[in-house]
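J.: This is what each chain is made of:
Protein chains: 4
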Amino acid sequence: MSNSIGEKFRITSFGASHGPAVGAIVDGCPANLELTAEDIQKELDKRKPGTSGVTTPRKEADEIQILSGIFEGKTDGTPITGVIFNKNQHSKDYSMFKNTPRPSHGDYGWMMKYGNYDYNGGGRGSGRITIGHVIGGAIAKKLLKTQNIEIVSHVVQIGDIKAKPQDFNTIKENIEKNPVRCGDADAAGEMEELILSKKEEGDSVGGIVETIAVNVPAGLGEPVFDRLDGDLARILMNIGAVKGVEIGLGFDVAAHTGSEINDAYQIDDGKVTTKTNNSGGIVGGMSNGMPIVSRIAVKPTPSISKCQDSIDLEKMENKKIEIKGRHDPCICPRVTVVAESSTAIILADHMIRSGFIHPSNLEF
Amino acid sequence: MSNSIGEKFRITSFGASHGPAVGAIVDGCPANLELTAEDIQKELDKRKPGTSGVTTPRKEADEIQILSGIFEGKTDGTPITGVIFNKNQHSKDYSMFKNTPRPSHGDYGWMMKYGNYDYNGGGRGSGRITIGHVIGGAIAKKLLKTQNIEIVSHVVQIGDIKAKPQDFNTIKENIEKNPVRCGDADAAGEMEELILSKKEEGDSVGGIVETIAVNVPAGLGEPVFDRLDGDLARILMNIGAVKGVEIGLGFDVAAHTGSEINDAYQIDDGKVTTKTNNSGGIVGGMSNGMPIVSRIAVKPTPSISKCQDSIDLEKMENKKIEIKGRHDPCICPRVTVVAESSTAIILADHMIRSGFIHPSNLEF
Amino acid sequence: MSNSIGEKFRITSFGASHGPAVGAIVDGCPANLELTAEDIQKELDKRKPGTSGVTTPRKEADEIQILSGIFEGKTDGTPITGVIFNKNQHSKDYSMFKNTPRPSHGDYGWMMKYGNYDYNGGGRGSGRITIGHVIGGAIAKKLLKTQNIEIVSHVVQIGDIKAKPQDFNTIKENIEKNPVRCGDADAAGEMEELILSKKEEGDSVGGIVETIAVNVPAGLGEPVFDRLDGDLARILMNIGAVKGVEIGLGFDVAAHTGSEINDAYQIDDGKVTTKTNNSGGIVGGMSNGMPIVSRIAVKPTPSISKCQDSIDLEKMENKKIEIKGRHDPCICPRVTVVAESSTAIILADHMIRSGFIHPSNLEF
Amino acid sequence: MSNSIGEKFRITSFGASHGPAVGAIVDGCPANLELTAEDIQKELDKRKPGTSGVTTPRKEADEIQILSGIFEGKTDGTPITGVIFNKNQHSKDYSMFKNTPRPSHGDYGWMMKYGNYDYNGGGRGSGRITIGHVIGGAIAKKLLKTQNIEIVSHVVQIGDIKAKPQDFNTIKENIEKNPVRCGDADAAGEMEELILSKKEEGDSVGGIVETIAVNVPAGLGEPVFDRLDGDLARILMNIGAVKGVEIGLGFDVAAHTGSEINDAYQIDDGKVTTKTNNSGGIVGGMSNGMPIVSRIAVKPTPSISKCQDSIDLEKMENKKIEIKGRHDPCICPRVTVVAESSTAIILADHMIRSGFIHPSNLEF
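Protein chains in written order, with the numbering used here: chain A, 1 to 364; chain B, 1 to 364; chain C, 1 to 364; chain D, 1 to 364.
Treat the hints as calculated values from the structure; they're not laboratory data. Keep in mind that the hints are not guaranteed to be accurate.
Since the list gives no way to pick out one identical chain from another, each pair is judged satisfied if it fits inside one copy or across any two copies.
[What the hints assert, rightly or not] BS3-like cross-link-like pairs, simulated, lysine-lysine; straight-line CA separation at most 25 Å:
no. : residue 1 : residue 2
1   : K315      : K42
2   : K172      : K145
3   : K320      : K162
4   : K275      : K315
5   : K48       : K87
6   : K172      : K306
7   : K142      : K177
8   : K145      : K98
9   : K145      : K46
10  : K74       : K92
11  : K162      : K319
12  : K87       : K74
13  : K315      : K271
14  : K162      : K315
15  : K271      : K320
16  : K271      : K98
17  : K74       : K275
No experiment lies behind these values; they were computed from the predicted model shown.
Generate the whole structure from the sequences, applying the supplied hints.
T.: Right, dumping it as structure tokens:
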């Protein structure tokens, strides 16, 4: 078993890039949440490629159908199934990859482990399968909204260009205004230029995506092995192309002392807060009521059109490879949607697990 | 449920810093593994404090007893229970922390979530409970050794002092020779000095711990939600004080292009390898046969003797706090043992899950 | 989470009687199993109603579509999704059941627990949702066949009419020849008559279904809480209308002594067998190599056209109810298919868990 | 993994009959439940052998120690560990069973599956390991008591002697007055005589144990695979010696019609009840507010002193076996305590899962 995540709010994902369909079942969403296909569709549209020069020009008409779980406009506690039928996927010949794994792609692992590997468009290793994450995330976000929790993911670095910190609402507005989904309008322009120049070279570039969740109550997370930071790290690291996850100050803690970065508590207008948020809202594996801040390192798309060294696994000999086609020169803008969805899934799960949301019925 | 991890090789941990005992049950270890209390004791001794100036001078006589799971010197497939009875733990008065959470400690979350919080020595939030991890890790390492898999964790950064890269065997040797458990003998000296100077100031300092696992076969990890990188990220982030996890190049991928860091495949002496290992041995969530390399960011010990701002939760007012006592000025050396154990647990679990180790009996 | 079962071979089921679709995801089926939609369709056809006088005359054109998990005619290790779109389901008005739970149906629980209950045709409480079980069971049976394991379920009692014991192959043949799916051709006729007479009276009748699995190796089952008998009891009791489960002699053990029913071991043609099989193939929670025999008690269909007492939950007053429509006068014949599927799912799961079937790839 | 059960209220059991200790960890009990070792001890004392002629004369001084999870007399949300050190267990030589499985005992499965089998006193297959169930059950019962839920298990049949039905309070009283733990004082005497006569013959006898739980709210159980009846069936069937489980009318439903046994709803003093309780309090996999009634078939103790046929697995030849020692001539009285505990564990788990008990803190 490997295609499910979450204990109470649980996603089971299915489908391959060029198979008949992709989708997900969301089990454990409480009854009486208003939900329409449109709620999911609008999140899917954000990750859809072909909307600007910085993503692949491939067009994917990702139209969601809900097969179960809604009764009279509201969830009814039964599993919610969302499916998108794949269309026009067999336009290209992928047979050159049958025995030749693409460098820094998952192909080799799939071949070794399962033997029968659907190499068309990366099969189930394709980024396209994150549609399942987004279906789950859209429902999770709607559920969290009933508790006033909001989440935003945005690009904070592409190559060596870094965004300046912005407040939550500015980020939410700005990411819809530039194709990079960067919260800093100035940096966004430079990032776009860099991506387009790499695209021209037949190359790709990496970056960093930050996610912020606000209004999360204190006490989410189950020590010592289902901690909130551990569960977030897992789901975020599970996103293809992610090679690092940090919470709060992250790797910067290494070069600091306790007296410099400890988050002092204070009573602020009758509420407990911390003066700084170097912990990124999580201490001891539990939320402390401050904004939850994570960052993920996203590697450059491994599909590049430059010639690369690989092997022929059947003949067991070295072989050159060129990956033609229309690839994302930078995957970060689309990863923001998946990071936001993944964070929402974990938070929704823990809100139920910790008793803040009733496990079966919102009207209780 | 929150104190278990692993699907097939599963640790359930228990106990609090000042309670009667701490320990763990390891369920799912196949039968016929030779195992003695000594195998576990020698790992516990590595994380034991009081062995040098860079750790707390507290003495803990952590003597393991095995209560179940061994028959005639070998595991018998039943749960292995290891327990350490706590001794002399009630020497100190912790009552000043009853309503006053220590900055950047988990206290506040425990208080909010459970109400009845054992604040003595951090209760179950104490670093002492990683004894459970080490019990599990010791057994996992012994199990992995039957498959030729070896793991080492070492300190690669303290404050702004960085170790130079060393080969696997050098690291293994060097970490036993310096109290910092650093693989680079030169850097180790500087690190020790830095830690001692922070200790003198009543302060603490952070660092980075790297873990390398060799001889791991290709194909470990279950896409898309029980990937090997996700599971490693989760267990490593779950270690107290860890604020970041990276695999391979980690956050450095952001500033690179695909052509710079893609790992090209090659046939090398009849075996598939990659020319570089920027992926850290994991691509597409599965191992590729190369060494698995992770790094974690460890924050400075939040317990410092300098005066800090906090609050009184009963009176709901601000309050100063000073944390007296004998704390680790830098937790990194001891975290190496926990990181090594945690990595071993995940690898053992996935070796069974992926069919490389028989689930119930090594002699099959 | 409530719509998944199995650890390694895992079914996640979805859909409601009158919703857009019903189906299931099967996660954890190893790669390289030959599988077609036809393999599943032929099992679904066995549970399809409308094929004789003893089942409901409702016609359901249950045509399976496979949305994922098959590549070039074989499983590829990724989740297999089967879906059946519901057709012509809204022909009837169920609104009288909105606030009036049907006696001995699950309605009341659904109403109390989830609030928003799809009362059309029983919603997700309908027998129709066992299509998910059958999808999973069809794949499990195909997988077990590679290990020579075969399963058959047959009706052994309807009302007070009992079938005489028959051997495995006779049962397999006979159940296809009579609409009751009884292995004893003589009893089958009497059973059919009894069912038709109860149908005439607007009533329904109960019965007992037996399941036999042969060629199961010794050692399946994980003491002490994932035992094979416990897991079978759970999945069988989870079938709607089942009120009892027994293994081997079952409740008859109460009136016997140890010396009467202990199963003596013997070496038989170089193989270990038992002289009797009162244990039904499971001792100490593990299979012992003998045929695995279970029986389930199936209650009479609670939907009867006779007038019954119920309540109006909105007005909180008593109310009479008559359940019109075309109901199965006896659910047992169709339950055989679900019992067979359920048994197959548990055996497939345990064959993988116990290391008899490789977890990811049949060709290993 | 096989020694854990429960999702939110989760027991992990360990230990073998003649190993150093037996016990259990209970993870997921909410904080602020008053709990002492005495609460557990008094339940353990009920299952303790040697208290009358109908159980084994073996003396077991089963003294519980709590190693974790209690702070200032109350649970604190962390795992509760109970352990009993085994004493004087090596008084007997069991080596004749090393290669010779006892008929209808689990030995053969353990030997085949794990290879290294602790055959002393049945190892982990011994009835002694149900101490873990009772530790979990004692805590579960205390937790359920806060919600007014009470459970009683009693012997309703031994051999062919059947108890007459009694009301809940009479049963509770009577079972403490006779060694058979039968709720019907008259039948109890006959049962005791029957057991003693079988004991004299070196034989054993089976029986039936019924469990009743009252004041369980409607809506427990998670369709379709974590139903309350399925979860009860599983944990009860997992008890050694149990060969059948039924809910409500159980196997008697087979010979009835819907009109005879459907449970009509009624409004009774402003509350919803059913006129009959043939469903045993569970319909559609969910509780309906009526008493939850289950019965289990308990086989005669397979250890009998009469000579039996078995085999030598090393020499692969037939061999006679006589099981000397002091065995329970009827296990039913002691099984009542395990059935009660098992039922309590499942109900506690589902009370938390369904949101009736807060998952982390009773004071919320």
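J.: Hints first: check each against the structure and report whether it holds.
T.: Checked hints:
1. When the C-alpha separation of K315 and K42 is checked against a cutoff of 25 Å, the pair qualifies neither within a copy, at 47 Å, nor between copies, at 41 Å.
2. Taking CA atoms no more than 25 Å apart as the test, K172 paired with K145 passes inside one copy only; the shortest distance there is 15 Å, against 49 Å between copies.
3. Proximity of K320 and K162 under a CA criterion of 25 Å is satisfied in neither setting, with 35 Å inside one chain copy and 38 Å between copies.
4. Within a single copy, K275 and K315 get their C-alpha atoms only as close as 62 Å, which misses the 25 Å cut-off; across copies the closest is 19 Å, which meets it.
5. In this assembly of identical chains, the alpha carbons of K48 and K87 lie at most 25 Å apart only when taken from the same copy (14 Å versus 32 Å across copies).
6. Proximity of K172 and K306 under a CA criterion of 25 Å is satisfied in neither setting, with 36 Å inside one chain copy and 39 Å between copies.
7. Taking the shortest alpha-carbon separations for K142 and K177, only the intra-copy value of 23 Å comes in at or below 25 Å, while the best inter-copy value is 53 Å.
8. For the identical chains of this complex, K145 and K98 are neighbours neither inside a copy (45 Å) nor across copies (29 Å), given an alpha-carbon limit of 25 Å.
9. In the homo-oligomer, the alpha carbons of K145 and K46 lie at most 25 Å apart inside one protomer (19 Å), although the nearest pairing across protomers, at 45 Å, exceeds that limit.
10. In this assembly of identical chains, the alpha carbons of K74 and K92 lie at most 25 Å apart only when taken from different copies (22 Å versus 41 Å within one copy).
11. Proximity of K162 to K319 under the C-alpha cut-off of 25 Å is found in neither arrangement, the shortest distances being 38 Å within a copy and 38 Å between copies.
12. With identical chains, the CA atoms of K87 and K74 are at most 25 Å apart between copies only, with a shortest distance of 22 Å across copies and 29 Å within one.
13. In this homomeric assembly, K315 and K271 come within 25 Å of each other (Cα to Cα) only across copies, at 12 Å, whereas the closest approach inside a single copy is 67 Å.
14. In this assembly of identical chains, the alpha carbons of K162 and K315 never lie at most 25 Å apart, being 45 Å within a copy and 44 Å across copies at closest.
15. Proximity of K271 to K320 under the C-alpha cut-off of 25 Å is restricted to the inter-copy arrangement: shortest distance 17 Å between copies versus 62 Å within a copy.
16. In this assembly of identical chains, K271 and K98 lie within 25 Å of each other by CA distance solely across copies; the values are 19 Å between and 59 Å within a copy.
17. For the identical chains of this complex, K74 and K275 are neighbours neither inside a copy (41 Å) nor across copies (34 Å), given an alpha-carbon limit of 25 Å.
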